[in-house]
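Assemble chain B onto chain A, guided by the hints.
Number of protein chains: 2
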Amino acid sequence: MTYEDIETPAPLVDLAIVDANLKRMQDYCDRHGIALRPHIKTHKSVAMAKRQLALGARGITCQTLGEAEIMADAGFDDILISYPLIGKVKRLAALAARIRLTVAIDSLAALEAAAEAATLAGSDIAVLVEFDTGAKRTGVVSVEEALALAGKVTGTGNLVFAGLMTYPANENTVTFVNAARAAFEQAGIAIPLVSGGGTPDAFLVHTLGVIDELRVGTYIYNDRMMMGASHARLEDCAFDVVVTVVSRPEPDRAVIDAGSKSLTSDPSGKGGPGHGLIREYPDAVIDRLSEEHGMVDLSKCDRKPEIGERLRVVPNHVCPVTNLHDQVLVLENGTISAWAVDARGLTR
Amino acid sequence: MTYEDIETPAPLVDLAIVDANLKRMQDYCDRHGIALRPHIKTHKSVAMAKRQLALGARGITCQTLGEAEIMADAGFDDILISYPLIGKVKRLAALAARIRLTVAIDSLAALEAAAEAATLAGSDIAVLVEFDTGAKRTGVVSVEEALALAGKVTGTGNLVFAGLMTYPANENTVTFVNAARAAFEQAGIAIPLVSGGGTPDAFLVHTLGVIDELRVGTYIYNDRMMMGASHARLEDCAFDVVVTVVSRPEPDRAVIDAGSKSLTSDPSGKGGPGHGLIREYPDAVIDRLSEEHGMVDLSKCDRKPEIGERLRVVPNHVCPVTNLHDQVLVLENGTISAWAVDARGLTR
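Residue numbers (this note's numbering), protein chains in the order written: chain A, 1 to 348; chain B, 1 to 348.
For reference, chain A alone in the conformation it holds in the complex (with noise of 0.2 Å):
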């Protein structure tokens, strides 16, 4: 398939892009004796995450059962998931009988959970308690809640305490670490690791002194948001929906054939105006968007696009963009093919 050859829209993913974005992260990581636990949410995608593990993973992440379940089957036994499971105990306790499987909780009833599924797995699950530092969304306020979580992991049949995680790595999680640190050794309990996560800021990791694992997803494409965090640059960017102009009702507006359908409603964070970045249009702006119509507010633009013109568009968020779509165009040396987003849809 050529370039040419694309129905539009879909998603267009740049392999050596891709693959530079991954040995960069493995590269600084490797450097700063950080072990790198990829997030899967981004790509969804087994053949992404093979290529993550042959550079040097240590294992990987996933935020859904689901997730792990589409990846357990293609061989991977070494899986985080960085979600408290409430509610599925049958089949976690199904996934802990055939792999190496940590989970995260932050509460009592994520714990019981865990345990009871450990308990009918025959098998051990490993637990990270989760705390929060900031993003202020799942995980433990306080050292006293993670140390009384811990002590019960650490008594509890099957389970085994396997350390802390936090979203995301940041000055607070050292504060947070430094104080863990102290009361748990005087309760007796050693902490294995402090795992970390978030794309922007993952290059700064090092400096925080305090995270033995990487969980980072967004890092394999990049989008728009990640370019405003500073993580990305344009060029880092390896994702694009390819798009077709096909309206020009007025001198200054552009219809593309890419709306919320495509692109998703998600904010680009700084990266920057509308709906997404063409990169044939930097000055366009992809102001609003219905479900299958892009509007182009061409105002700012020297030259137009013209009905029937292709485009790339780098979306402001690629993780849920990924999400929509059940395959994803690659291109690699020249040639274009269809790579399976395994695990799409999969939030159960």
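Simulated from the structure, these hints should not be mistaken for lab results.
Heads up, some of the hints might be wrong.
The list cannot tell twin chains apart, which means a pair is met if one copy fits it or any two copies do.
Said to hold, decoys possible - Calculated cross-link-like contacts (lysine to any residue; reagent style SDA-like; alpha-carbon spacing at most 20 Å):
1) K90 / E7
2) K50 / G75
3) K136 / C301
4) K270 / R288
5) K136 / S299
6) K152 / A183
7) K136 / P273
Note that the coordinates shown come from a computational prediction; the quantities given were computed from them, not determined experimentally.
Quick look at chain B alone, frame taken from chain A:
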């Protein structure tokens, strides 16, 4: 399957509400002598489209060629694609060869693509000329352009001029159509049909006096946006995402297992704050989403949910939510079964 068996997050459709919504719209159209051509973009389901047809819909509307192909495979033989099709001549021809097909155009390029497809197919293709009534997406912006395109359609091989089309139908539609009627009459071109769209003001369309055919999608399920537009009440919302509370890190914060990959980041319009309405806790606000986390502010709630509690979330905008799921669970007479979202992901 019972409600308690549902693995979350999962979409759940109440078929009794669906049927009431469908009947209300069909009755409205029947009462006012307006043909109903439901837009399948909201449900993307063959079974749901069949229910719409069984109640008296004239045919169906699709937004993409892929949606139309799936519906044609299922036996639908009167389909409007309300979108300019550029760069898809061969597939368009193959479809035109097997069903009664209408397409919308707003440019010479789209007209020529339709003409080429019709020739290739050896079949007629009916053509609606799209005009803009303020949405500023696709559609010609002047009567002169509409007339010029209609004139070219009538003079082109296998194309048949079917009339005018717009979205949304509003007061501007009246102005445009009246001016068009005068200009077209002078040019000796009849306007067989004026097709208008949009659920929010659907029940006012008869007052415009110029709409022959109504294209509506969201009315089948409704959502918070339709509540905000005063089209629907909460009891008219047929589509929930069933979620589980997976974390309660602080007294006023819960985390549910549905984020942007289950609810999308679409705003609610005037439908209220946050990323969806929790039926059981209407004072709670899903104030932030990450991909698999929904952060819920409970500060205004008297009662507060516990970990493991199952909740039902009415999404802000149901159409892109449907498109995330291969199946929806359908509640019918007390039993729950899975129905396919046949056209999920078919953005091409």
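Evaluation of the provided hints:
In the homo-oligomer, the alpha carbons of K90 and E7 lie at most 20 Å apart only across protomers (11 Å), although the nearest pairing inside one protomer, at 42 Å, exceeds that limit. Taking CA atoms no more than 20 Å apart as the test, K50 paired with G75 passes inside one copy only; the shortest distance there is 10 Å, against 42 Å between copies. When the C-alpha separation of K136 and C301 is checked against a cutoff of 20 Å, the pair qualifies only between copies, where the shortest distance is 19 Å, while the shortest distance within a copy is 41 Å. Proximity of K270 and R288 under a CA criterion of 20 Å is satisfied in both settings, with 18 Å inside one chain copy and 17 Å between copies.
Within a single copy, K136 and S299 get their C-alpha atoms only as close as 40 Å, which misses the 20 Å cut-off; across copies the closest is 14 Å, which meets it. In the homo-oligomer, the alpha carbons of K152 and A183 lie at most 20 Å apart inside one protomer (15 Å), although the nearest pairing across protomers, at 80 Å, exceeds that limit. Taking the closest pair of Cα atoms, K136 and P273 come within 20 Å of each other only across two copies (19 Å); inside a single copy the shortest separation is 26 Å, beyond that limit.
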